[in-house]
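From just these sequences and the hints, can you work out the full model?
Protein chains: 2
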Amino acid sequence: MQINLHQTHHTIADFNEIFSYLKREEEKGTFENSINLFPELFLCGYPLQDLLLTKEFIRNYHIFLDDIKTWWKEKKRNNSVLLLGGLDYRIENDIPAQIKNVVLELSDHKSLEVIYTKCLLPSYDIFDEAKYYSPGKEASIWTYQDLSFGILICEDMWFSPHYDFNPVEKLHEISKDKTLNGIFNFSASPFHLGKENSRMTRAKEISTQFSNIPFYYVNRVGSEDEIVFDGASFILKDQTISHKALSFKEDLITDDLQDAKLVDQKCEESKSKYSFETLFDTQLCYDTKPPKLLKFDDDSARTALHALHLGIMDYANKIGAKKFLVALSGGIDSALVLTLLGLFKSSEQEVEAVYMPSQFSANLSYEISKKLCDNLGIKLTTQPIKFLHSAIRNSFKENFEALDGLADENIQSRIRGALIYARSNQTGSIVINTSNKSELAVGYSTLYGDSVGAISPLGDLYKSEVFELCRYINKSYQDIIPEEVINRPPSAELREDQKDEQSLPPYEVLDAILEGYLSYKYDMKDLIDLGFNVDDVAKVVRLNNLSEYKRAQFCPIIKLKAKSFGFGRRIPITKKF
Amino acid sequence: MQINLHQTHHTIADFNEIFSYLKREEEKGTFENSINLFPELFLCGYPLQDLLLTKEFIRNYHIFLDDIKTWWKEKKRNNSVLLLGGLDYRIENDIPAQIKNVVLELSDHKSLEVIYTKCLLPSYDIFDEAKYYSPGKEASIWTYQDLSFGILICEDMWFSPHYDFNPVEKLHEISKDKTLNGIFNFSASPFHLGKENSRMTRAKEISTQFSNIPFYYVNRVGSEDEIVFDGASFILKDQTISHKALSFKEDLITDDLQDAKLVDQKCEESKSKYSFETLFDTQLCYDTKPPKLLKFDDDSARTALHALHLGIMDYANKIGAKKFLVALSGGIDSALVLTLLGLFKSSEQEVEAVYMPSQFSANLSYEISKKLCDNLGIKLTTQPIKFLHSAIRNSFKENFEALDGLADENIQSRIRGALIYARSNQTGSIVINTSNKSELAVGYSTLYGDSVGAISPLGDLYKSEVFELCRYINKSYQDIIPEEVINRPPSAELREDQKDEQSLPPYEVLDAILEGYLSYKYDMKDLIDLGFNVDDVAKVVRLNNLSEYKRAQFCPIIKLKAKSFGFGRRIPITKKF
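Just so you know, the protein sequences line up as chains U and R, in that order.
Quick note on my numbering: the first sequence kicks off at 640 and runs consecutively.
Quick note on my numbering: the second sequence kicks off at 640 and runs consecutively.
For the record, the hints were derived by calculation from the structure and aren't laboratory data.
Check before you lean on any hint, since a few could be wrong.
Remember, identical chains collapse to one label, so a pair may be satisfied in a single copy or spanning two.
To be verified - Below, a list of computed lysine-lysine pairs in the DSS-like style, where the Cα atoms sit at most 27 Å apart:
hint, residue 1, residue 2
1, Lys1215, Lys708
2, Lys776, Lys739
3, Lys694, Lys834
4, Lys1009, Lys662
5, Lys1160, Lys739
6, Lys694, Lys934
7, Lys809, Lys776
8, Lys749, Lys708
9, Lys739, Lys1189
10, Lys962, Lys1202
11, Lys1036, Lys1025
12, Lys708, Lys1164
13, Lys1202, Lys1189
14, Lys1009, Lys1036
If you want it as structure tokens, here you go:
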């Protein structure tokens, strides 16, 4: 008997695709003489949000379950067990009166029977599970022949004081004086930097509590709008990771149960006291002064790149886009975005760059753009906006009054937004957004101008992190990004001699204040006590509050951190500032 | 002794404003010899979303509570009781470990003591209360001198099978063989058409169950982003509404307790079986064929106008905008939006209209725009886009390829988007969006083009309802909207002789399919069974699914219906279509 962990990658609600995977693995003989673990909500995808409640989805899901049952009954199988993450509906009067997040068993004896219901329903940050699901209340030991395993679904392995129930403790209680062969955790656990370590640390902690029992962790892979699932499934034995699946890719890992030693569950005092996946998780440490920014080492930079790769490409694949379009400004953000696409794109995909200079664009901006495109082998087209800008200026002078100040700056950005989308319409390409987290935070961008795009790869990276990632890429890929763009002072080039630092504190200060403020632990008073300039703090906080309305109309941001803008951060627009 | 229901209107987290209200009412003597009921979360505003978790907010809230306590202690009061909706935090290590939605008592004996915790935490549609709050588990009878009242907070008066606890039943149980003087419900209940009736019906039902006990319902008023609170507080006595507060305005209603008769609570069988405020609430009836659209009668049209008035003006006031800007197309949507602003604006506010014709704009479009502006006394400026459009066409031919088809249509819309925002930047005005629910549903609009704006008044009204509302307005305000715009066939005017019906089914069909599909009860099969054309249904559903990404970048929509686009409807962009 062996245990297979299927780290799978499917589109939400693509039942045909999911079924094909099962049929293919069965043909390969993978299921024979084995227990096969599939991720949380494998049978439907995650997160489904309100799709869960639509009649169309509910109908198709149930047809799919019936199809699987019929298929499974068609032939006699030899010790094949599938444990599948899925949904359990209670329908009353055509209405989903109750929905549970469960594990279903498909075996010689059972035809998609529920063997466990998720107990802890995360409802913080991007999570809304309590909105849709009813919780399980029971720990569960699953047995097959002479084997016994404890079962957990994702969040169940964590605990925090928010919950009035600790599934790991409950499992420990009911397994006292029994023999367990291991613990299964079925996950759909979103990625952020540092998450993988947290999972393994917590798995070790649980394993220890259960006398060094093996821990099987299967996670899904793929990207859904802003959420990246990294996979990174693993098997822990004797406090060592004995098997590890790839990160950000489909994979299958197999463990031979012959190796497993049965562990007697003696009553032990619980040592569990950590809580990671909570609302208040943060990279900040209270006694760090000033707030510590994420410093990319080679490892975390590489991981961030993998996450961005999956995030961008999965979005494109799922909406059927094969062409990418980037508006290059000669600045570092668009340079990084284009570089990412150049590095990530497959041979069937195309990337196009457009440079749209105005009268305020420096020659250097063109030179950088040209050099970068040459380095990446990407076609660059120059589409000047100088004439259009002056035509609009004239027209405004005639019909309204002369454009100046912010109105004159923003119109340039919006002309570019309109033009890049005209090109997108011509070629059927998707526009990749180039905003970073610092400018999103303080609203230093033009709504419907440089803020346009289908998806944002840099929206969870502060400007200083954008620089760091560029340096890492240059170290790894022979200075593919022109040094000039890394060394020049950031500018929006919307008026003569404009520099970002005329409007904002220097980025190392701005980003530190933002990380302190946004990641929940510091308020204005704390930041001032930490030594930041009062005016800087007041300005940053004010700008952040004022720009909520811009973020409300922003595209999905690929999530890289514990706390990101987007669905996981919900602040009303109208409030007292 | 009397009971005062304070139907108040405050900005979220504006503690000064809230405190001023209390001080003002105290100076007027309102609090003397009376029990004063304030709405749910009166002390902070609602909905707060993640503001609830920020240190800044938590700190300021607690300072505010201390200030109130100090103020209250300053002088001896005469039978003054304030029952205030507010928050109860349990803070551990500077982190909000638990938050409760409560009623606090401020009286001779109590200094902001919690007297009740909300039990039912709505978590459907726009509601996310289970995400933030911990539920109460107990019914409560509040006593003062020889008076006794049952207490409920908003959702507690409703019940649905989703909840495993029925607060009304619980209250009924604990009040058996006791004497109650009435039931208080403290609400922050969002408006939608028909909601007011549901509340009163349910109040009557509860009152009956408690032997015709008086029912005091206090609701907040105001608009928060997309949610309108209508107030409409009431007192129910002997199955009759004895007092009724204004809708959509601050108000205070007073009941003299001398009138109240004490009611003996005998044990009665419960008759409660209805559930209104549930996820599956819908205006659709399963046996109605085809789906019934909302038909405006004078009453509902007037109510919708009041809700839009509050929704637009409160948004503007809260962000400090005094000027409004509308891009007129000569079509019915922008005509209605401008008319609303013309009717709603106060003497300190300004409204400006801009008409931006292209080569495809009919003369009639200008004539309609001119006539409408004359009727409303609003200044109209014509800002042609013909030259800009042809300049962009030339530039594209030179740098890329000739613009045609969709690319050429969309660029016109995006030029208008850029120009209207340039004007907005010049005058400091806010652009009011003109999209309707039908076009939002099928994506029949241009992202960053005609979909721009700060807030959307028509985003919850189908095109057919836009027509109906115009007809109602014309009936009530001497044909202020030119008949020509009501009678001409809808067109985007982005190519020669374009008509909406070339791309979409006729609106009466489209809107009926959409209402059936979006309000949850019907799936494609149902709609086809109901007699809709297979191709129409398939097309509408496909377009709806494909345009999720546009709605994800749309501005807040003022909610008028039980099911609206926006925060209360969350569908992933990437999924199997």
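Ascending list of hint numbers which this structure does not respect: Per hint list: 4, 9 and 10 violated.
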